[in-house]
Amino acid sequence: MAAAAQEAIHEHDHHEESFVSKYIFSYDHKMIGKQFLLMAIFMGLVGMMLSVFFRIQLAWPGESSDFLNMFLGDRWAPEGILNQDMYLGLVTIHGTIMVFFVLTGGLSGTFSNVLIPLQVGARDMASGFINMMSAWLFNISSIIMLVSLFVESGPAMSGWTVYPPLSALPQAVSGSGLGMTLWLISLTIFIASSLIGSLNYIATIVNLRTKGMKMTRMPLTIWAFLVTAIVGVLAFPVLLSAALLLFMDRVLGTSFYLSDIIIGGEMLDNVGGSPILYQHLFWFLGHPEVYIVLLPALGISSEIISTNSRKPIFGYRAMIGSLLAIGFLSFIVWAHHMFVSGMDPFLGSVFVFTTLLIAIPSAVKVFNYLTTLWRGSIVFTPAMLFAIGLVSTFISGGVTGIILADSALDIQVHDTYFVVAHFHVVMGLSAIFGMFAGVYHWFPKMYGRMMNNRLGYAHFWTTIVSGYGVFLPMHFVGIGGAPRRYYDNSIFDTFNPTAGEMMLDLNVIITVFAIIGAFGQVFFFFNFFYSIFRGPKAPLNPWRSNTLEWTTPTIVPGHGNWPGELPEVHRWPYDYSKPGAEEDFIPQTVPLKPGEEEH
Amino acid sequence: MGSKLIIILVIIFGVLAIAQLVRVSELTAKHTKRKEEEIPENENKFNANMMLAFMVALYAGFIYIMLEYGYVDLGPAASTHGKDIDWLFDLNWIIIISVFFITNTLLFVFAWKYSRKPGVKAYYYAHNNKLEMVWTVIPAAVLSVIIILGLRTWNDTTAKAGAEYENIEIFAYQFAWTARYSGMNNELGRFDYKLTTAENPYGIMTKENINRSLSLMKVGEPGHNGIERLENQLNDRSIIMSAKDRKSLEVELGRKERMSRLLEAMSITYSDSLDDLANDDVIVEDSLVLLKGQNYNLSFRSKDVIHSAYFPHFRIQMNTVPGMTTYFKFQPIYTTNEMKRKLNNPEFEYALLCNKICGGSHYRMKMSVKVLEPKEFLEWQKSKATYDGTPWIKGNEAKLLEYYETIASRVVEN
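Chains as they are written, first to last, in our numbering: chain R, 1 to 599; chain W, 600 to 1013.
Isolated chain R, as found in the complex (with noise of 0.2 Å):
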């Protein structure tokens, strides 16, 4: 079937490609790879800009403001102070923007797409149809998700983890109407394709490897995607019957989570059904799409990090034992995100345990990247700068994750802003920077030019600058006791208003931050558009990267990727500054010299 499908590909090349077959309907996973990277982008751009709209509440509460009329209209800024329950969708949508569909979506669909088939050497993915069928499905639930933002009672405003009975009762907030069933029918449709990718790319990765690719021999980026798909074929289809559930209880009158409600003065006859339920369902997706997000960002950093310091990865075994460890135990953390929810608490120190577990193969990636850079003579690309960056905010996010694991302080700072700075670091922060230095070192790959460095540094300086000064206050403000999703804080001044000015004073940091940081966004923007059409042409090899991805004849490969007989693979990938060799790297398809030992 797949050799057929190849086969097919082959024959098409001949062909002389129309506008839509390449551009649109394409079955080109570089060319797929770009539609999910520029959606992603579009959609990073919504999902900022609703940041900054709620910031601006936070650190001015109650002032107007022309830029929030500007955008959000009469309707939902009237003299432009944001309305209370518009709040709240900004924040349900600007989640769930950031987390599906550009942390998942655009960084595993974007990388996964464009690297997989060149760095396991094969002519594309296993199925170009499926992996055409994914992009669109996931352009059309995007689609859907930012139409739900413009319809008349709001969009989804229960948060992006969607809890009922609050998402399932229109009575309880405006939201909950048509707002989230779109949200509903858009998640549907994007775990829909997120699940056919991932097959497609488990497939491709296990039978379509070239010749002497071994597993042991494959980049970390690959095992980091294949580790980051079964996940996902594994998880997502949980979050499906939720959401179908959620769907039922809103439609057909069931009671899978309801029970004894009074709502809006109406006594409603649901018995039996459990809120719980659904976050254990939740959750049980929830936990593991956090790594969803982080595992391929830590797959490129690894790469990227080896490359750029010009040595090998340090203890590659490790780091994929690690990376494997890691998909593992992302299954059996889940509840603890429930430790205060009502549930047993002998549950709760059952997932304190496997929670905590987690931070072991953690702290052995953070050693081996640190290792990597023992020693090792680092060129600064913009890509490099990020994967560092990566490797900072994920140590900095992950310590603080040792506090939320441990349930009897999570008491105190649960769903405080504790937490929301918590996952912002090392998953927000961490997964866009490694998506950052993903495209900053394959854009080459991708649009045969180069990107601009001057502005990739000031990119990266700008934007790790802003995020932790955005972050790092939002801690004391949590540990101060602020709860999350307030639409201010002026609570505070009816029992403790020095507390209250404390955290306003915070919130302005947070916010100016917030603000350079997005404005820190054009230099990407800018310089992403530009290069596209008047960057300097690239290179074949431009890292000088061991990959077989570099080993195209031309830098953008043409359908098929390499035309006559696919290379063969003799060593690793982390051949860097290896003794006895002439020049600082080795590709893959390079022989091993007699008597040399391979590493």
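Quick caveat, the hints were computed from the structure, so don't treat them as lab data.
Taking lysine-lysine pairs in the DSS-like style, the calculated list, with each CA pair at most 27 Å apart, reads:
| id | chain 1 | residue 1 | chain 2 | residue 2 |
| --- | --- | --- | --- | --- |
| 1 | W | K983 | W | K965 |
| 2 | R | K578 | W | K720 |
| 3 | W | K716 | R | K578 |
| 4 | W | K729 | R | K578 |
Example chain W residues on the side facing chain R (calculated, C-beta under 10 Å, incomplete):
| id | residue |
| --- | --- |
| 5 | K634 |
| 6 | I696 |
| 7 | T752 |
| 8 | N754 |
What you are looking at is a predicted structure, and each value in this text was computed from that prediction instead of being measured. Just so it is clear, CB atoms sit at the ideal spot from N, CA and C, and this is done for glycine as well.
Mind docking chain W on chain R? Use the hints.
Relative to chain R, chain W alone:
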């Protein structure tokens, strides 16, 4: 309008400025034959130095924020288990801050120190099992300590409350809280959401309430249809209504009939002696008032959506879930006045906040909490009446006060 124009202009000029910068950089690149893929020495050096500079700035910023805004005036834990949590938090905080500083320092210093230098080749170093074992075992050991200490505190905090604990129910609804004290018998009256009516907003179960709900279900509250009226409307051929209206009436009728069957079942199995449990309960809507040193067992319930009862000063948090009762036990150890002195803040008060997104006014869902000395507490109790309208305090006040004094004196300042 003016500022909109300015925003747009700023964006346009910003983009133009970057375009010009790129243009300049491209021309100089052409001039010096620089290639984007080759990072020149001066740029590499610049980024290496920036790594160090950034590290210093990060640490300086972190320390400044921590000193300036450290605990955001939260104050010391005002409950017994809260003290344990704070101790554990401080221990974890010290561990994670050390890890944060050590590893980030290694990262940025390595990045700076091992930046590319002419003639220096990277050191080929692929793996070292011993080293990797070290940094698997050390985190594992540290984490075991954290896990053991954490679980000990968790088990103590969440252990079941004994009989000596005072029961209080916290009832949550969009967007306020109500407290129900269990009265002199220390047992809360039963409740059922189906009994909720305008006269019985908290669904408390008594014979009278059951009968009232049953009759309302049949006859209907003012402005609402009861079963009888619905049946009449549906059977009255002279009323012309659309199929949609008829359908919705039928659905409403079906629901009411089902509810009333459930209420009838409740009424048959109900034992009148249960009325006593409810009758001495005390419902307080404005604030939760506690006695210093008393052990309390809070039970939580919700009327509509999930809320979360968050008492930041007591280090308490528990979700309130519709259809399910949740619990948290604790002992307040500082009165409000003591806490005011500790924080040097005369405006301080304890608070109960909602910490689970529950709708538009989530951020305003608060109840004030007071912890009082025995005397004040007794005075307050005397001003409150029970569910059936009798005084809360029955019996010997002096003896009660004495008892309260012993409770308050259990708290020893350390």
